[in-house]
Structure formats: structure tokens, C-alpha cells
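Residue numbers (the numbering used here), protein chains in the order written: chain A, 58 to 395; chain B, 58 to 395; chain C, 58 to 395; chain D, 58 to 395.
Source of the hints: derived by calculation from the structure; they are not laboratory data.
Hints are not guaranteed to be accurate.
Copies of the same chain look alike in the list, so a pair counts if it fits in one copy or across any two.
In silico DSS-like cross-links for lysine-lysine, where the CA-CA straight-line distance does not exceed 30 Å [claimed, not checked]:
| # | residue 1 | residue 2 |
| --- | --- | --- |
| 1 | 362 | 272 |
| 2 | 213 | 84 |
| 3 | 362 | 84 |
| 4 | 362 | 252 |
| 5 | 259 | 205 |
| 6 | 272 | 173 |
| 7 | 141 | 127 |
| 8 | 202 | 252 |
| 9 | 213 | 252 |
| 10 | 259 | 124 |
| 11 | 252 | 124 |
| 12 | 144 | 205 |
| 13 | 272 | 205 |
Note that the coordinates shown come from a computational prediction; the quantities given were computed from them, not determined experimentally.
Read off the chains here:
Number of protein chains: 4
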Amino acid sequence: MIIVLKPHSTPEQINHIVRHIEEMGLKAHLSQGELRTIIGVIGDEDKLRADPLAAIPGVEQVLPILKPYKLASREFHAQDTVVKVGKVSIGGGSLAMIAGPCAVESYEVLDEIAGKVRAAGANILRGGAFKPRTSPYSFQGLGEKGLKILREVGDKHGMPVLTEVMDPRQVELVERYTDMFQIGARNMQNFDLLKEVGQMRKPVLLKRGMSATVKDLLMSAEYILAEGNRDVVLCERGVRSFEDSTRNMLDLSAVPNVKGQSHLPIIVDPSHATGRPDLIPAMARAAVAASADGVHIEVHSCPPKALSDGAQALLPNQYQAVMDDIRRLAAVMGKTIS
Amino acid sequence: MIIVLKPHSTPEQINHIVRHIEEMGLKAHLSQGELRTIIGVIGDEDKLRADPLAAIPGVEQVLPILKPYKLASREFHAQDTVVKVGKVSIGGGSLAMIAGPCAVESYEVLDEIAGKVRAAGANILRGGAFKPRTSPYSFQGLGEKGLKILREVGDKHGMPVLTEVMDPRQVELVERYTDMFQIGARNMQNFDLLKEVGQMRKPVLLKRGMSATVKDLLMSAEYILAEGNRDVVLCERGVRSFEDSTRNMLDLSAVPNVKGQSHLPIIVDPSHATGRPDLIPAMARAAVAASADGVHIEVHSCPPKALSDGAQALLPNQYQAVMDDIRRLAAVMGKTIS
Amino acid sequence: MIIVLKPHSTPEQINHIVRHIEEMGLKAHLSQGELRTIIGVIGDEDKLRADPLAAIPGVEQVLPILKPYKLASREFHAQDTVVKVGKVSIGGGSLAMIAGPCAVESYEVLDEIAGKVRAAGANILRGGAFKPRTSPYSFQGLGEKGLKILREVGDKHGMPVLTEVMDPRQVELVERYTDMFQIGARNMQNFDLLKEVGQMRKPVLLKRGMSATVKDLLMSAEYILAEGNRDVVLCERGVRSFEDSTRNMLDLSAVPNVKGQSHLPIIVDPSHATGRPDLIPAMARAAVAASADGVHIEVHSCPPKALSDGAQALLPNQYQAVMDDIRRLAAVMGKTIS
Amino acid sequence: MIIVLKPHSTPEQINHIVRHIEEMGLKAHLSQGELRTIIGVIGDEDKLRADPLAAIPGVEQVLPILKPYKLASREFHAQDTVVKVGKVSIGGGSLAMIAGPCAVESYEVLDEIAGKVRAAGANILRGGAFKPRTSPYSFQGLGEKGLKILREVGDKHGMPVLTEVMDPRQVELVERYTDMFQIGARNMQNFDLLKEVGQMRKPVLLKRGMSATVKDLLMSAEYILAEGNRDVVLCERGVRSFEDSTRNMLDLSAVPNVKGQSHLPIIVDPSHATGRPDLIPAMARAAVAASADGVHIEVHSCPPKALSDGAQALLPNQYQAVMDDIRRLAAVMGKTIS
């Protein structure tokens, strides 16, 4: 940690800060320049983190150097983590192709969609039973009934299943039916929920919050990892921006950005990122070319009748075309789809 | 709702859409222009909301007209709502002056701070017992012990108390000790938590999410109101932006913006919005001049020793100076501090 | 154009608006619902655009329907435009591979870089002679001397050249030396400059402004097209966001977004978008997979000695590796590099 | 400047960087910690600024300490600058009340508006003769004819006048008619234009760009100051954000933020910031309470007939009401309106 003092800070102020650092068992290195004094703090930076040094008189800036996450960092774990969801691998060259409707609506509809996305090459089935809807008057999901349908349809088609959990009280229930938990963008900093899924032994797909930085995303992953669950897959799904012609702004640079700092796999969700079926295929291709470990796409056999987010879903034949493109790009990138 | 069709949409497409609307018991009004056909939908718009009309072939844009919230709207309730927290009124000309430390650390520290902010004119005491921290390694709050201290100190100084609740499982516990629930920015769209406090009979301070629009904020208020709890106070606390010299960007225009659309009171938190004690006084004054119903400020008697967010806290004498300014501006604005 | 009236608007207000529309030679179609009246305006919408209907009493919202640009739109020109820069084609399946240093520094340095990027497969040489620098104390470019060097080095290596113009008074000077004008992000809405290059007969690379929407970008292209210059290539180069670990946020969805609405080619600049050499290769690959018509990358033979933006430049051998990847992806996408 | 090296940087890398610094006549101070080495650079930081240290192998981060502007800084000039526009003072306790229509349309309309805003208490008259319009098909202003009308009307009502200049070739023309130049948000980083008005001897109102940080704004002011013109007034006018119910997001914290770092006056433009007449009065009041040195408001006697931006203009009687509020708040704040 670097502490930059204000110009004309007094020797008393400097001594006060140095004593403060030394009282915590750390060492302070002074650099006195013509205009300013700078103090480098050597030792376990975490001891200082909780301590609001910026509030001490005479301090102008406090610059942390070490990254605030550990278990999620590449320094801690140099090799790419490969997460197994059922028999499907995510990371280390294996791509997750997650597809399905926004919400589970009925056995028949889900069965039809699952059959088609499986045939197109999807390897994980998604479907929401608990839906975070902006309006209390919108369809909120089928609850446990939806979980049962998802499980049955996944088993029928030989696909592991993924579903969102929103409430710490539902974690055990959802755990009984799902192969992977999804933490949605709105809950990326619902820390009690993160701790709860961190205590489970099933993998977690953690979506980036709507205004979360890459560092924030890794800090939220750290919450799950710190509870003992090491099977975390990150998901870039677009962030809020001023651009009003797309639902969110897909930040594809988050893929190489995360991979440089962390060993965790990261996939991309172009459906929620763009909200526009006409943009999803190009963004799915771009995700694979950017080295993402998978692509998450909403597919519905009849989008105009979907009970949730139908406008952004691809039709099964559109999904088939995207998968054809992805397979050819994956080959160039040296990736496989299990 | 207005449905704008693509140029050259076919009569079959138009008929399909019209039938779809009429099947829902609504009326469709066609306007055929030189370039485009437009369909106005008359009736209960909610029936259509869940229905992704934009996914129907031939549709270019769907433009909602009615606001998606009802109970929060001024159309529903024309008079300003006044929320009572203990004996303190918020709204309708009465200002809430909420002050206290970020986190409850000990009886002694809180007692000292409470005495000073009370003397300066604060009328509600705040303090966190459960803290949403970006890092799992940061101080997470004292839990129930903190709640007890807060209650005792509030009672001693004759101030109602406000504290954050983060987990639906904690709502009943927190309810036993607090006079008002706080829903933090990170939980503004934690819908299960909103429903839970909606079933309580104590008022709720709902903070705007870091990238929530004013409409999103009102929709989240609607979740609480829809469960039967009508005592909701909104709080503008800054949103994420590209400006990197402040912690967030305070959107003061949200104050008159909310007041035009909703009857609910709205207060301003310049502490979290700016993260900088040098900017808090000016933003507190501006909030009152913008007709906010109160100001929420973090105060700590020794910011460098605070266990959480010390760098943004005002000292008690700085808070005193802010309150002196606020009183003079409140007089000009015709507002009172109970 | 759709005009939505406030609830309880009076017949007088409605008549006033209808008369206003008819006075302009347009037709007004009324739809009276249970809660609101809506007026559809039929005819040449441009007549109304300058007219601030939203200011008329009783009006709640004015919703434009037709797009505000014409010459840039696909409705006006259905086929993809192919822009020729010297012998290099951009668009219609041909990729522009633009490379070179941020600024022209000397003949020797530029010559060395040009030789290497040409060998790697670049087909257009870039280099700045007039530099828009945030600080007046930073290196501002070599001016005409830089233009001469750029021309000589481009000719030696058989590459057309691209350089930025910042001031309408420099357009003629720059035109004598360059094969393509660049309008930088900071000048995307410098309308006098747009008009000036619109009167030239050399192609223009128009970069997206730091907070410009896709629509804003197309409107700025319209300024150039409207002056008679039809050879406009757009460039996505990232926008401002809250993410602080990258210089800007690359909005790759702008590529298919533009292509759906406009016939103009669009390329991607991952150098300015990310500001980080570790992220540029992945974003260059993603650009090609997203169907961009080219990639613009800064390359310098010794980034630490570069006089401008060295930290974001690739080394020639890094550029070579990117080009190898791009060639393989271009083959899959059915694109060629001339 | 602080240079943070990557973990495991080699002694050769460290020596290379130290030599590089010393070759520039600066001193390097090493701090070697358990995990990392940090180098503090002492001396004239500007020598290093143009030098992309971040590109040197082994460097992880470069942290500048000194601010990049000088003439605009409070360190350089401790006292508040007071700018005189005709007889009107801006800064040092004197408020500029700038009002008028978006565009000069005719002598009659401007004369009527000027008479009314003068009577309400405005002290500077604004009106555009050259208009930066997003669309090339919108009204572009009356040009020199507009400047003449503005001068005549200003003189008739005893008000100095302010008008926008967009093109460096127009600066001399505009200088003949105006008392103060306005540089619009879109031109905040049109550096050639900034240099040109920097050579004039009339004050400049510099508006914040749509995605400019406070530091960017001060750097643009530095361009003008560095050319010799010391009479610069800054203007906060809202920035781009995700909030779609207002035209921009007014960042009022920029007022105290600028005042802490710079001696230059700063005013607020709630008209362009919000684009909504219902929000302008509250934001004008808030600006004065936040210690702004003035308020800039668009006023039109018949907004529905205005040729530009009518929807956001206040009516003269609405402006009168705002001025009444401002006068009462200014008295509390110890400010005067000359």
C-alpha cells in the first residue's frame, strides 16, 4: 500500500501515520520528494485494509497495490480451473453451450425446446423456476413445480440442468433438483446468498452485476470460494450504459481481462446482454473468438408466447445456425464442445 | 401501448397481431400511414405486459404508455405521503435528519456519536449491524449484539433508529430492534427481501441501486407497497458513472423527478454518493434546496479508527456546521425538522 | 410520430395540437382510450422534427418513429457500401487491416514499423501528424513534416495512408498527403469539421465519440454524406464506462447493430478501446467474428520510447501473431484481406 | 510518480527502469517489500509524463501523483478568480444569472425574451447564432445576422451577451459581437478551438463534455489558460448516463469538486442537464445551495414555436419564479447578483 501525503504535511503528521502503521506490525518506508512525502507500507496489507487511512489528517491518497481477492487469483492458482457440471466440462479448452427458455413454463414446452437445443449441440439445459422480475405484477416463475419439470426434462435428454436461486431460504430446495446454481446479475452482491451457495457442493454460475467492475465480480466469486465451494464459473452478461438501442452493453473485454487475473472459467450471455435476437449470433461468435469458455443463449420455440423475456429468445432453428458457426470457430480456436 | 410495425409489413402480419390483441380482450386501433402502420392498444395494458409483442414478426417497436407501477404513483395517490418513524415525520414539509456511524462498533462509540448528532439536530440514529462488504475479509458487522446496542443508545437519546437488513431470514430479528428497515443499494432488486419487509409493519428506507433508473426504484418500492406496507421512503445515494474522483455520482434530479411521479418521500445520502467529506456539506445543502425530505449523513467521532467506511464520515463538529446550514435553508424552503 | 397526451387532457388541448399538425400539412389520427388520447402523425416527419411538440400543454410524450438519418440508412441504400482506399477495399467481404504508430515520430521509426506491419499483412498505414492530447503540455504531433513522412513511407511500402484531421483549416493540407481522413472520437460532433471533409473526395474514417450512441454515430456520418462524400467508414473504439480497469469499454455489439441499420462499413479499434496490449488480441479476433469490416491496431517497434500512447501499442511480433489468428478466422467468416 | 513492479521482477528489470529514470535527470527511490518492489520518482514529473513507463517489461502500474494541470490549479493560484463580463462579476460571491433562448431567431422574439429575463433579474443574455445540431437537417442558426441581433438586443437592455463559437475560423467574427465566448459540450476537447479562444481577450464559458471527468474539464481549461487568456468560467451541464428519463445526469458534486482543486468559477446549466422544465427550478436552487457561481437557464416566450430545443425552455414567468427562489437562497449563502 502506498500512502501519498498532502504537500506541506508536517513532521508530526508523518510521525503519526508511521506510528499507526507500526502499531499494526507493518513497516513504513518513507520517500521524501521536493513536493511530497510518500510512505510505502510493507507487510500483510489486509491488516490495513479495514483501516481508513484516508481519513488521517495529512493523507491525500491511499493506493492499494495487492489485489483484494486471493482464492480467485491466478497468483493463488496458476492453472485454469475446469468445472464439471454432470459430465460436461467448462474451462481448459471445453466449452459450455447452455441453452433453454428464460422460464420453465410447462413440461411440454420445455421438452420441445430441450430436444431441439440438444440436437443443435447444447450441452447444459437452463430454465428459471424463480424469476427476478422488475415488476411485482409480472410472472414470477413456477417454483418447485418448475424445478421438477426441469429435472425430468434434463434427465430425459441427458443434459445437466442450471437454474437461478434468489433467496438463501431456497438454496436447499433448489440444490435437490439442479446440477448448477445460477446467481443472477441483481444478486451478485447479495452476500448472504453467496455464502449460502458457497456451502453447497454443486457448481455456481455467477453473473456479473449490472454495474459491477471486473474486480467486483471477482470479489463476489471470492465470497463463494471462501466458503469452500471451488466450482465457480463467471458470466459476462452486459452492463448498464447510455446506449439505448440495446438492453445492456456487452463487455467482451471482460473475458481476457478475467483470464489474466483469475483461473476461473468465464462464459458469455449475449441474450441478456443485447436483448435483441438480431445481435445475438454475432456476439455469440465473438465470445468464442475472445476465448470465452462457453455461451449462454435463451431459446424458445414460440417467443411471442413466452411468459418471460420472449422478445430476446432465439428460435430453435436460429440457435442451430449459431451453433454451426460456433463449431467452426471453436475448431479454429482449438476448443471442444463436450 | 403503441405497436409500430416495420415498413412493408404484410396484411397477414397485421391481422395476426390484431387477432392476438383481441384474444386478450383488448381493442386494437390501426393508423395506416404512408410508410408504416401503427397499432394503438386500448384496455388494461397489464394483460399485454407479460406478452413479448416485440417478438412477433413484422413488429419494429413496442412503446408502453402507462407507467408500470400503480401504488407508488401520484395518479393513484395524489397527496404527499408522510411516513412516521417513532415520533419523527418524513415528508409533507418535515425533514428527516438521519445520522450515525456506518457500523455499530461498541456501546461507548455509538453513545458518544449519538449524543453529538442529537445535539446538532439529527432526529433519527443510524448504525449497521449487518454490513454488505465487497470483500469477504472485511468487518461484517456485530449482528444481534449490534442491534441491541443501537436500540439502547437510540432509547437513551430519544431517537428512533434505522438499520440495514440484508437477508430475508433476518427480517424478524431486525424488526424486534429497529424503528425503520434500510434496504441497501445492493439489495434494491433482491425481490424476496422486498416482499419480506413488505409484510412488516415498520417503515422501510429503500436506497436506489447503483445502476437503477428512477423507474426501477419506483418498481422496487411497488414490491413493498404491494405486500401491504405503505410506509416507504426512497433514498438517492448516487449511481455508478465514469467519473473516478467521486465514489458515485449523486443524481439530485432524482428528487424532483420522483416527486413528479410518486407520492412517496425521498431523502438524499451525500455520504455514500460522494465518498468524500469535502463534498458532503455542499451536497447536503443542495439536497434540501432541491426539496428532498431529509438528509442521511455518516458521522463518526474518530473516522480513522472506524471499522467501516471511515474515510467518508464527517466529524461531529463538521456535522454540526452542516446542520446549521441546513436549518437556514430549510427555513427558506418552508420545511421543518421535527 | 406518436404524440401521447396526458390523462385528462381537455378537448381544447387536443384540438390545439391537431390544428398545429394540420397547419404543417400533415394528418393527425386520433385514438381515444379509456385513460389517454394518442395522436398518430402521418406525413413527412421532418416537418415536425424542428417543432418542439413536447412543449405544448397537454402533451406527455412525443415518440418519433422514422429514423432521423436517411443517406446512412439501409432503407435508402440496401447493398453494403464498399469503400476504396487506394487499391484496398473496405466492406462487402474485404477487411481493412490498419496498423501503425499512434504518432509519426521520424522517418526511420515509421519506416521500420511500416515494413513490419506490411510483412504481417496490414494493408493501410496509420500515423498521426496532428494529435488531440488531453494535456496542452503533451507532444502535439509533427504537423506537415509528419504528413510528408507518412506519405513517403506509405509509398515506399505500397500502402495507402490514414491520418487524423482535427481542424477545418487543416483539411486541405491533410488532403494533399493522405488517402483517407480520420475524424477522431473527440471530434465526432465537430460539425464544421464533418462538413469540411464532406466536401472532399477522399474517404473518411469516422470514430465513435466517447459517449455517442449508435444513432449519434450514424447522424454524424449523415453530416458527411449530406455534403456529397459517400465514402464513410465507421469505427467502434470503445465508450466511457464505470469499468476502471480498461481505458474504455469496447461495444462490439455496435458492429451488427450498425450493419442492421446502415450500409456503411464498420471497423473496430481494440487499441484505444482497451488501452491494454494484453486484451487487444482477443478483441481483434472477436471483431472479425462479429463481422467487422476491419481492425485498427496501434503498433510500435519500441513502445516505451513512443512519444504518444506507447503503453497501448503492440510490438511488431505481437501484431504478427494477431494477424495470423485473424487470417484463420477471416477464412471461416468468408472474408478476404486485400 | 509511483511505479509498482510486478511480483518476481528481476534485478535487471529494476535496474533498467532506474537507469531510464535517471537518464531523464530524475531520482528513483526503491522500496523493496516482501512481494513487490516499488519505485518512487522524485523531480519534475512532466518529464516523465510523455514517457510510457507502463510499457516497460516488469512494470505493473504507474500511479501519477501530481495533478496534470497547473494554471487551473489552486496550488498555482489560491484565491478565487473573479471573471468580469462587461460590468457583471462571476465568482468571489457574485452570481452570474445567464438567460435567453437556445437560438437567436429574430430581433422581435429576442427583444421580448431579453426584456422579461432582465426584469426577472438575469444579468447576462445568451443566444446561439451557430448551433451544433445532431442532425444536419435541423436549424443551424442565423450566423452573423444572429450575432448582430444579439449585440443590439443586449445593448438595448444593458446586458452583456454570450454566444457559442464552434469553428476556429469563426472566432474573430464572433469576437466582434460577443462579450463572452461559449465553448459547447461537444467541443470541450476541440483543442484547436480552445487554443484559438485562448488567444482572445474576452472571457470564455467552457462547458463540460458529455463524458468528461472533472479532471478532463480542468485540462481543457488549461489549454485556454496556457494561451494567455485567464478569464475562464466552467459550466456543469450534465453528463451521459443510463438514466433515460432525463436528457443528461446533472453532476452537482462537480461544483465543490472543482472549487477544491481550482480557483476558476463554475456555474450550472440545469436546462441542458435535465431537458425537462419540471426539474429545472429544483436544480437551479440546488446549484446555488451547492455554491455554484451562477445559473444558466434557457427561456423562451413561446417554447412550442422555438426553432431549437423548445421543449426544455422555461416560460418567462417560470423563470421569474426561479429567480425569486434563487435570490432568497443566495441571501442565505452570502452571495450577490450584480
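A quick look at each hint next to the structure:
1. 362 x 272: Between copies, since 26 Å is at most 30 Å while 38 Å is not.
2. 213 x 84: neither (62 Å within a copy, 43 Å between copies)
3. 362 x 84: Cα proximity of residue 362 and residue 84: across copies only (19 Å, versus 65 Å in one copy).
4. 362 x 252: between (36 Å within a copy, 28 Å between copies)
5. 259 x 205: Within one copy only: 17 Å inside a chain, 37 Å across chains, cut-off 30 Å.
6. 272 x 173: neither (37 Å within a copy, 36 Å between copies)
7. 141 x 127: within (22 Å within a copy, 45 Å between copies)
8. 202 x 252: Answer is both: 26 Å inside a copy and 21 Å across each meet the 30 Å cutoff.
9. 213 x 252: neither (32 Å within a copy, 36 Å between copies)
10. 259 x 124: within (27 Å within a copy, 41 Å between copies)
11. 252 x 124: within (21 Å within a copy, 37 Å between copies)
12. 144 x 205: Classified as within; 20 Å inside a copy, 50 Å across copies.
13. 272 x 205: neither (36 Å within a copy, 35 Å between copies)
Hint check: violations occur at hints 2, 6, 9, 13; the rest are consistent with the structure.
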